[in-house]
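**Q** Using the supplied hints, reconstruct the complex from the two chains, each of which is provided in its own coordinate frame.
For the protein sequence lines, the chains are R and L, in the order given. Read in order, the letters of the first sequence are residues 1 to 117 in the working numbering. Read in order, the letters of the second sequence are residues 1 to 115 in the working numbering.
No lab work stands behind these hints: they were computed from the structure. Any given hint might turn out to be false.
Beyond 10 Å from chain L on every Cβ pair, some chain R residues (computed) [claimed, not checked]:
| hint | residue |
| --- | --- |
| 1 | H85 |
| 2 | S89 |
| 3 | D98 |
| 4 | E105 |
Listed next, the stretches of chain R that the computed footprint assigns to chain L, with coverage defined by at least 3 CB atoms under 8 Å from CB atoms of chain L [unchecked claim]:
| hint | stretch |
| --- | --- |
| 5 | 40-47 |
| 6 | 108-114 |
Don't be surprised by glycine CBs; every beta carbon is placed ideally from N, CA and C.
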Amino acid sequence: GAVVSQHPSWVICKSGTSVKIECRSLDFQATTMFWYRQFPKQSLMLMATSNEGSKATYEQGVEKDKFLINHASLTLSTLTVTSAHPEDSSFYICSARDRTRGAYEQYFGPGTRLTVT
Amino acid sequence: AQSVSQHNHHVILSEAASLELGCNYSYGGTVNLFWYVQYPGQHLQLLLKYFSGDPLVKGIKGFEAEFIKSKFSFNLRKPSVQWSDTAEYFCAVNAVNNAGNMLTFGGGTRLMVKP
Chain R
1 GAVVSQHPSW
11 VICKSGTSVK
21 IECRSLDFQA
31 TTMFWYRQFP
41 KQSLMLMATS
51 NEGSKATYEQ
61 GVEKDKFLIN
71 HASLTLSTLT
81 VTSAHPEDSS
91 FYICSARDRT
101 RGAYEQYFGP
111 GTRLTVT
Chain L
1 AQSVSQHNHH
11 VILSEAASLE
21 LGCNYSYGGT
31 VNLFWYVQYP
41 GQHLQLLLKY
51 FSGDPLVKGI
61 KGFEAEFIKS
71 KFSFNLRKPS
81 VQWSDTAEYF
91 CAVNAVNNAG
101 NMLTFGGGTR
111 LMVKP
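Okay, chain L solo, but in the shape it has when bound (with noise of 0.2 Å):
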């Protein structure tokens, strides 16, 4: 089963600032890889998605993130947050050989960024 991680929880940034959140995850097979972000009080919403091709990704809002499958991750990437990036980030893999289809999330980080 796919396992996924993002090791920063909690992220404090001063606008203007540059942002790297990381994602790893475990799976030795094809995956397709996603980013979605929740604002306070809102629902999910997809920033960008990585099936196949070129790894660079890039998203809505300025953000972007990269596939290293030798590394197996896909880093989330912006470089001058704002501060209504603030919401909570998640990481979420998809196996493509799963029956189910289901997604696997990460545990979130939680940006906060200063104006």
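One chain only, chain R, in its complex shape (with noise of 0.2 Å):
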């Protein structure tokens, strides 16, 4: 149980271009999901706790205008990557808490790579 899937797996975009990824909880409601960011042989940053039916909350020095964050469903968050530069090239990678197990546990998606050329 508690799976979480993000697509796609991998984007490459031209720069300038806006790219969308989904992060899905497949088999529970997630009320509360987290966007990270990783770079080659670094750790993951989080970006963003994104909560169903409200505005996402950014961490400092992440403009929420170019990382759009929708979390529409229980099931479902979006994070739109808006007029993509190739500095924006990274892993993305998204987590959900499982209400029902408790407060403190995250679930990882696999991750989607975007390269911008």
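**A** What follows is the structure in structure tokens.
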């Protein structure tokens, strides 16, 4: 149980275009989802916390107008990278919290590798 | 704000060697502690976690970790590693009083086990 999926698993886009990444909790309801960014050989850095039905909370230094997050249902959150640039190339990982399993454990998706050319 | 340090960035071991990966955190309050593993090309998986109780916690695949509150540490151990343990290991901390319940990750330790 507690499976999180992401789509697509990898995407290549041209500079200036927008890319949407989906994060789904497959077998549980997730009131809270988290979006992370992982640069090569580095750790995960939290970008934002997404709560179902409300606006996302962004970490300091993360541009909310560039990284649009929508958490429209208890099983789906989306991250849209708008007007992508090569420096946005990274590995984006989402996680979800199962509210029935306690408040502190997160389940991670497989990640989406974004390459902006 | 809490922070997490993993002092070993790269570790190379031979099969059957013992493993200990260091993890220290800075936060004065109550914490929940996690170790995650990321195998090559795969997503993060939970190895073990500590919320309360016995400070020595056992996880999957023979891993264990000990929470030493006085040292703000949560080191990961395995008595005998296997080639299949080659992966990156991340320590993570969640401050219990953090309203957002967000995880703070350490920088990761890349383990390579030679067959």
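**Q** For this structure, which hints from the list above don't hold up?
**A** 4
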